[in-house]
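Here the protein sequences line up with chains A and B, keeping their order.
Reminder that position 29 of the first sequence reads as 185 in the numbering used here, one-by-one numbering, no gaps.
Reminder that position 105 of the second sequence reads as 261 in the numbering used here, one-by-one numbering, no gaps.
It should be emphasised that the hints constitute simulated quantities derived from the structure, not laboratory data.
Where hints are given, some of them may not hold.
Claimed, not checked - Looking from chain B toward chain A, a few residues come up when the C-beta cut is under 10 Å (computed):
(1) Arg201
(2) Arg209
(3) Val225
(4) Glu283
From a predicted model like this one, the values you see are computed outputs, not experimental measurements.
Here a beta-carbon is modelled for each residue, glycine too, at the ideal position from N, C-alpha and C.
Number of protein chains: 2
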Amino acid sequence: MTSTTSTTDLRRTVERFWAATESRDWTAFAETLAEDVVYELPQTRERIRGRERYVEFNREYPGDWHARVERIVAEPGRAGDSEQSGRPGQVVSWTHVTMGQEEMHAISFFTGDADGRIAAVTDFWPEPYEPPAGRVHLVERY
Amino acid sequence: MTSTTSTTDLRRTVERFWAATESRDWTAFAETLAEDVVYELPQTRERIRGRERYVEFNREYPGDWHARVERIVAEPGRAGDSEQSGRPGQVVSWTHVTMGQEEMHAISFFTGDADGRIAAVTDFWPEPYEPPAGRVHLVERY
Chain A
157 MTSTTSTTDL RRTVERFWAA TESRDWTAFA ETLAEDVVYE LPQTRERIRG
207 RERYVEFNRE YPGDWHARVE RIVAEPGRAG DSEQSGRPGQ VVSWTHVTMG
257 QEEMHAISFF TGDADGRIAA VTDFWPEPYE PPAGRVHLVE RY
Chain B
157 MTSTTSTTDL RRTVERFWAA TESRDWTAFA ETLAEDVVYE LPQTRERIRG
207 RERYVEFNRE YPGDWHARVE RIVAEPGRAG DSEQSGRPGQ VVSWTHVTMG
257 QEEMHAISFF TGDADGRIAA VTDFWPEPYE PPAGRVHLVE RY
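Chain A on its own, in the form it takes in the complex (with noise of 0.2 Å):
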């Protein structure tokens, strides 16, 4: 697999885990996953081993939630030695998340498979909170 088809297909990938999470796609959406894909929370410390329960704790979120994806940063596979060593690709993205009137931002990391599937999801869920005194002389607010 060449370093460009794998960018291509893990970028693809996520764009297809994305659409499929906000039209509640579960079938297409497990088809983005590897069987084995583990899921990683570090604010909480939760991690979720394997598709069919992280499907099921998508599948279960309570609320009327939708993500836009913001961006999407992709970075090539390296090909290796051989086909079997080859690295495959990372991407991240950021998503704008609203839950009724709340508003969030949700960044994920995503590493590949070989097939291009999902293998790893880590994301993270960074709330709003108060500029810090003592920085008003450098900042604007928007």
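For this one, chain A is given, so just place chain B on it according to the hints.
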């Protein structure tokens, strides 16, 4: 500029950005930045415009903080019809930051300019939170 060159450049620039930050080498840090760099923090809706103020913001940042790069994801730029219209690459870094006893993750989205310098940085600082109820049947803790 070929797409390979521009990725490599911005990835290296971001590596130098973090090395200079960690060593408080504000001259080397400034050299990684475009003069009109824009820094944004979506969580506080703060924005800093210009290299001078952004260097100052980092130089003045209080506390004995240390940053270790966990992961870098770098996307090649795309060559346009001419050298002038080539799109510079994008890089995301995930860093582990300590401030005394406190440990944090920082996610930074970088956009480059045509010279391989940093034209925009958008930072997220996700904090730990308690896992919501109702999903213990799917998750393990780590």
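message = Take the shortest C-beta to C-beta distance between valine 225 of chain B and chain A; is it under 10 Å?
response = 13 Å, violated
message = Take the shortest C-beta to C-beta distance between glutamate 283 of chain B and chain A; is it under 10 Å?
response = 7 Å, holds
task = May I ask you to test the interface hint for arginine 209 of chain B with respect to chain A, counting a Cβ-Cβ separation under 10 Å as satisfied?
result = Hint on arginine 209 of chain B: holds, closest Cβ of chain A at ~5 Å, below 10 Å.
Closest C-beta approach of arginine 201 of chain B to chain A relative to 10 Å, hint status = Hint on arginine 201 of chain B: holds, closest Cβ of chain A at ~5 Å, below 10 Å.
In this structure, the one hint that does not hold is number 3.
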